[in-house]
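All chains should be built: construct the whole structure from the sequences, respecting the hints.
Residue numbers (my numbering), protein chains in the order written: chain A, 1 to 269; chain B, 1 to 269; chain C, 1 to 269.
Among these hints, one or two may not hold up.
With a Cα cut of at most 25 Å, we get these calculated SDA-like pairs of lysine to any residue [claimed, not checked]:
1) C:Lys17 <-> C:Gln212
2) C:Lys110 <-> A:Ala50
3) B:Lys17 <-> A:Ala50
4) C:Lys17 <-> B:Lys17
5) C:Lys110 <-> C:Asn185
6) A:Lys17 <-> C:Gly145
7) C:Lys17 <-> C:Asn86
8) A:Lys17 <-> C:Lys17
9) B:Lys83 <-> B:Gln51
10) B:Lys83 <-> A:Arg139
11) C:Lys83 <-> C:Arg18
12) C:Lys17 <-> B:Asp187
13) A:Lys110 <-> B:Lys17
14) C:Lys110 <-> C:Gly145
No lab work stands behind these hints: they were computed from the structure.
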Amino acid sequence: MQMIEQLCSDLESIRQKRPLVHNITNFVVMNETANAILCIGALPIMSHAAQEVEEMVGIASALVLNIGTLQPDWVDAMELAGKRANQMGIPVVLDPVGAGATRLRTDSAKRLLERVRISIVRGNAGEVAALAGIASEVRGVESMGASQSPEQIAQRFASAFGSVAAVTGPVDVVSDGSRTARISNGDAMLGKVVGTGCMSTVVVGSFAGVQQDPFTAAVGGLAAFGIAGEIAAGISGEKPGTFHTELYNALAAIGAEDIRTRARIELIG
Amino acid sequence: MQMIEQLCSDLESIRQKRPLVHNITNFVVMNETANAILCIGALPIMSHAAQEVEEMVGIASALVLNIGTLQPDWVDAMELAGKRANQMGIPVVLDPVGAGATRLRTDSAKRLLERVRISIVRGNAGEVAALAGIASEVRGVESMGASQSPEQIAQRFASAFGSVAAVTGPVDVVSDGSRTARISNGDAMLGKVVGTGCMSTVVVGSFAGVQQDPFTAAVGGLAAFGIAGEIAAGISGEKPGTFHTELYNALAAIGAEDIRTRARIELIG
Amino acid sequence: MQMIEQLCSDLESIRQKRPLVHNITNFVVMNETANAILCIGALPIMSHAAQEVEEMVGIASALVLNIGTLQPDWVDAMELAGKRANQMGIPVVLDPVGAGATRLRTDSAKRLLERVRISIVRGNAGEVAALAGIASEVRGVESMGASQSPEQIAQRFASAFGSVAAVTGPVDVVSDGSRTARISNGDAMLGKVVGTGCMSTVVVGSFAGVQQDPFTAAVGGLAAFGIAGEIAAGISGEKPGTFHTELYNALAAIGAEDIRTRARIELIG
Chain A
1 MQMIEQLCSD LESIRQKRPL VHNITNFVVM NETANAILCI GALPIMSHAA QEVEEMVGIA
61 SALVLNIGTL QPDWVDAMEL AGKRANQMGI PVVLDPVGAG ATRLRTDSAK RLLERVRISI
121 VRGNAGEVAA LAGIASEVRG VESMGASQSP EQIAQRFASA FGSVAAVTGP VDVVSDGSRT
181 ARISNGDAML GKVVGTGCMS TVVVGSFAGV QQDPFTAAVG GLAAFGIAGE IAAGISGEKP
241 GTFHTELYNA LAAIGAEDIR TRARIELIG
Chain B
1 MQMIEQLCSD LESIRQKRPL VHNITNFVVM NETANAILCI GALPIMSHAA QEVEEMVGIA
61 SALVLNIGTL QPDWVDAMEL AGKRANQMGI PVVLDPVGAG ATRLRTDSAK RLLERVRISI
121 VRGNAGEVAA LAGIASEVRG VESMGASQSP EQIAQRFASA FGSVAAVTGP VDVVSDGSRT
181 ARISNGDAML GKVVGTGCMS TVVVGSFAGV QQDPFTAAVG GLAAFGIAGE IAAGISGEKP
241 GTFHTELYNA LAAIGAEDIR TRARIELIG
Chain C
1 MQMIEQLCSD LESIRQKRPL VHNITNFVVM NETANAILCI GALPIMSHAA QEVEEMVGIA
61 SALVLNIGTL QPDWVDAMEL AGKRANQMGI PVVLDPVGAG ATRLRTDSAK RLLERVRISI
121 VRGNAGEVAA LAGIASEVRG VESMGASQSP EQIAQRFASA FGSVAAVTGP VDVVSDGSRT
181 ARISNGDAML GKVVGTGCMS TVVVGSFAGV QQDPFTAAVG GLAAFGIAGE IAAGISGEKP
241 GTFHTELYNA LAAIGAEDIR TRARIELIG
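Here it is, written out as structure tokens:
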């Protein structure tokens, strides 16, 4: 399958080119996402001060905005960084953590979607549904269900905002409005460690740093991350501490052969 | 023993009901405490912006306030969140990290105790003593000793503030002023990893999310956490990195049989 | 060799005296650096509020300032804390994370060097070169090369600022302007985990908490950290998650025998 060979090629590019991925992200996962970026082969930089984000974006290959542990001045910095990324033509990936749970989160995500050209939004079904105007329930940062299927949510979001929507869950769905893919990789253990959603976002950001088509980057990043989760769970069993450690090991070790053997990507339209 | 069966039942409730535990906590342990909550079976949310804490508390089953890496605007948010929790009738657990070491910490903890109805305070002997007006020494965030026993400190604090005091150390002591318990679980390895005190606080918060009696919740949370520490140390030996990983594994795996076999809880009045 | 016996003696002093090391540091590595301090045998305190840093420094044996994830108000707190440390005569260690990458970082590091007497600066070649006025490239927080050798960079920095310069890389170089040492310990795996540079800085800070000569403290801290990295890599192989865990284990376990067997310290002038 062509998509899988592209994924293998993009993973190789990450490790050759080492794209710098600039993150403005939440306090809970700063270390974990930086390590995920480093393990997959890219270079992380975490920087949020309004005084330097534009300059830092200026040397980056992708920008990831994550609204967990949000405070209002950080949204200002995200907007500045996002606009600079747009000027430079580098991709912006948004993780709308907790959108739908509080007004601050929903409004901040919407403001970023209005003022910054976002290439990819990666969230759970509840978060993406909330932004797409579809009834859903978000409890804290957990999706408790939505009134439409992940496929419908992704397609409606993509059509409404002109961004690729990457909706993760038991099965991940990526849509750019015209193309839609299902990725059936991953493991239930990913729900047992804090920040794996945020980690999947930065792996997508790492792929977007070398792959110009955001749909392909999102599919590739989610498939690679899901496969790493499967490999890690194969070693850890149901031990979340061990799984967390093995997830980094798997992200660093994953190669073309793992992807060809394990990727379960289905283009559905 | 009735207390131990209650603990088993509460642990089962956490895993069935998955209470949302809202944390306003320090930067050092945000990831670690969120993972501890997830491992024991509850759902963590970390959120500190004054603009959203009341709304976030509105969907939570317990609120944990932790004053490590304190800055003044966070105390304002803690007060807002605490008052909302009081209105809703959900428990508020306070971890007065470093109270007694600096005026900012001592005064902030006192302000929260004055303005918010705190169900449980979980700290080391030095911190709780400092708040109870008992001579003690706190060096950074370490208790270097106090002029009274943990039992006296816990009882005096509980009587003075009408909160349950959970004073942790080689032996943990919990008192609500009328009832006092000693919990002799735990392992010296818990002192070799940063943030295990804060993790014990959020496990207490998770128990408080399902158990209305704060004395029972504090005893249960500390016993469960201490037993997890024993199990982890049995695997790791004196390796702190490995112990940290195994502590999450043990929190996730701990069950009624471990509690019945290992709990060392003594009601002393 | 006299230096190695001094290192063994200083490591023993850290574990006997347990110096309190006060850190104002970045969000990405707060937990990791606190654990590194605890593992080597010292006591960490993380505190950044202008309202308490002077008081907290007042009970510390060393102060570490780290400008990763910088925001301007934190620099104010760093200056306050640094000046108090200078009054008390305790060593100040600066980690200029990302100096050379953005104006905010370069200017903040320079401001601290001007207003606070810094005992030791620990950075990569690009960062230290940028502060010494030597052409270099810093991409995010990575050194991409400099126009002079690490030895020249360290010596020029030390002469210009009157601080010990500790320039880390494949081979670490420490200079106080008159004495210069090369430390050839460490392992390539240290580049596969986020924050190991910051961790080496706090281990240097722990040594400075018991060793009055900053040159000796910097050499000792970097050698001990590098040796811990070698031991960890001997167990983990190329698995970054496992290496991270084993690095803490090794910092806690490292003893005089490891140092005598493994230290590769060369005084070159």
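Evaluation of the provided hints:
The straight-line distance between the Cα atoms of Lys17 (chain C) and Gln212 (chain C) is roughly 14 Å, inside the 25 Å bound, and the hint therefore holds. As the CA atoms of Lys110 (chain C) and Ala50 (chain A) are separated by approximately 19 Å, the hinted pair is consistent with the 25 Å bound. A threshold of 25 Å between alpha carbons decides the hint, and for Lys17 (chain B) with Ala50 (chain A) the separation of about 41 Å lies outside it, so the pair is violated. Of the pairs offered as hints, the one joining Lys17 (chain C) and Lys17 (chain B) is violated, with about 47 Å between alpha carbons and a cut-off of 25 Å exceeded.
Proximity of Lys110 (chain C) to Asn185 (chain C) is assessed by CA-CA distance (about 29 Å); at most 25 Å being required, the pair is judged violated. Taken as a hint, the Lys17 (chain A) and Gly145 (chain C) pair is honoured in the structure, with Cα atoms around 16 Å apart against an allowance of 25 Å. Only pairs whose Cα atoms come within 25 Å are accepted, and Lys17 (chain C) paired with Asn86 (chain C) is accepted, the gap being roughly 21 Å. Between Lys17 (chain A) and Lys17 (chain C) the alpha-carbon distance is near 47 Å, which puts this suggested pair outside the 25 Å criterion.
Restraint check for Lys83 (chain B) and Gln51 (chain B): the C-alpha separation of about 14 Å stays at or below 25 Å, so the hint holds. Under the criterion of a C-alpha separation no larger than 25 Å, the hint pairing Lys83 (chain B) with Arg139 (chain A) is consistent with the structure, at around 21 Å. A distance of roughly 23 Å separates the Cα atoms of Lys83 (chain C) and Arg18 (chain C); the hinted pair therefore holds under the 25 Å criterion. Simply put, Lys17 (chain C) and Asp187 (chain B) have alpha-carbon atoms about 22 Å apart, close enough for the 25 Å limit, and the pair holds.
For the suggested pair Lys110 (chain A) and Lys17 (chain B), the alpha carbons sit about 32 Å apart, so the restraint of at most 25 Å is broken. Between Lys110 (chain C) and Gly145 (chain C) the alpha-carbon distance is near 20 Å, which keeps this suggested pair within the 25 Å criterion.
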